[in-house]
Amino acid sequence: MIVLPVDKTENIKNYLPLVDKIVLTGGADVSPYLYGEEPHAQLGTTDPIRDRFLSLPQLKLL
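Quick note, the sequence shown lines up with residues 1 to 62 if you use my numbering.
What the hints contain is simulated information worked out from the structure, not anything from laboratory work. Note that beta-carbon positions come from the ideal geometry of N, C-alpha and C, so glycine has one too. Some hints could be false.
[Stated by the list, open to error] Calculated cross-link-like contacts (lysine to any residue; reagent style SDA-like; alpha-carbon spacing at most 25 Å):
1. Lys21 x Phe53
2. Lys13 x Gly27
3. Lys13 x Thr46
4. Lys21 x Ser31
5. Lys13 x Ser31
6. Lys21 x Arg50
7. Lys21 x Asn11
8. Lys21 x Leu34
9. Lys13 x Asp47
10. Lys13 x Tyr33
11. Lys21 x Asp47
12. Lys13 x Pro48
13. Lys13 x Arg52
14. Lys13 x Asp51
15. Lys13 x Val30
16. Lys21 x Tyr35
17. Lys21 x Arg52
18. Lys13 x Gly36
19. Lys21 x Ile49
20. Lys13 x Asp29
[Claimed, not checked] What follows is a list of derived Cβ distance ranges for each label pair:
21. Asp47 x Glu10: 20 to 28 Å
22. Pro48 x Val19: 18 to 26 Å
23. Leu16 x Ala41: 32 to 40 Å
24. Asp51 x Val19: 16 to 24 Å
25. Arg50 x Asn14: 19 to 27 Å
Input sequences plus hints: build the corresponding full structure.
Set out below in structure tokens:
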């Protein structure tokens, strides 16, 4: 397994054809802004870098 740094969407799109699988782990809340929603009152801490990584499956569909 190789963990790639996530920096720019353009670079991620270049990596995706080179991998067979992506493993996404559970963890912190994802920012609702990524999905066009407002935060819920009970939203925990979000991590923008992790949020970008979690959006990788969406890029595969592009």
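How the hints compare with the structure:
no.: 1; hint: Lys21 x Phe53; result: holds (14 Å)
no.: 2; hint: Lys13 x Gly27; result: holds (24 Å)
no.: 3; hint: Lys13 x Thr46; result: holds (24 Å)
no.: 4; hint: Lys21 x Ser31; result: holds (24 Å)
no.: 5; hint: Lys13 x Ser31; result: holds (21 Å)
no.: 6; hint: Lys21 x Arg50; result: holds (18 Å)
no.: 7; hint: Lys21 x Asn11; result: holds (17 Å)
no.: 8; hint: Lys21 x Leu34; result: holds (23 Å)
no.: 9; hint: Lys13 x Asp47; result: holds (21 Å)
no.: 10; hint: Lys13 x Tyr33; result: holds (21 Å)
no.: 11; hint: Lys21 x Asp47; result: holds (23 Å)
no.: 12; hint: Lys13 x Pro48; result: holds (18 Å)
no.: 13; hint: Lys13 x Arg52; result: holds (12 Å)
no.: 14; hint: Lys13 x Asp51; result: holds (16 Å)
no.: 15; hint: Lys13 x Val30; result: holds (21 Å)
no.: 16; hint: Lys21 x Tyr35; result: holds (23 Å)
no.: 17; hint: Lys21 x Arg52; result: holds (17 Å)
no.: 18; hint: Lys13 x Gly36; result: holds (22 Å)
no.: 19; hint: Lys21 x Ile49; result: holds (20 Å)
no.: 20; hint: Lys13 x Asp29; result: holds (24 Å)
no.: 21; hint: Asp47 x Glu10: 20 to 28 Å; result: holds (21 Å)
no.: 22; hint: Pro48 x Val19: 18 to 26 Å; result: holds (22 Å)
no.: 23; hint: Leu16 x Ala41: 32 to 40 Å; result: holds (36 Å)
no.: 24; hint: Asp51 x Val19: 16 to 24 Å; result: holds (20 Å)
no.: 25; hint: Arg50 x Asn14: 19 to 27 Å; result: holds (21 Å)
The structure meets every hint from the earlier list without exception.
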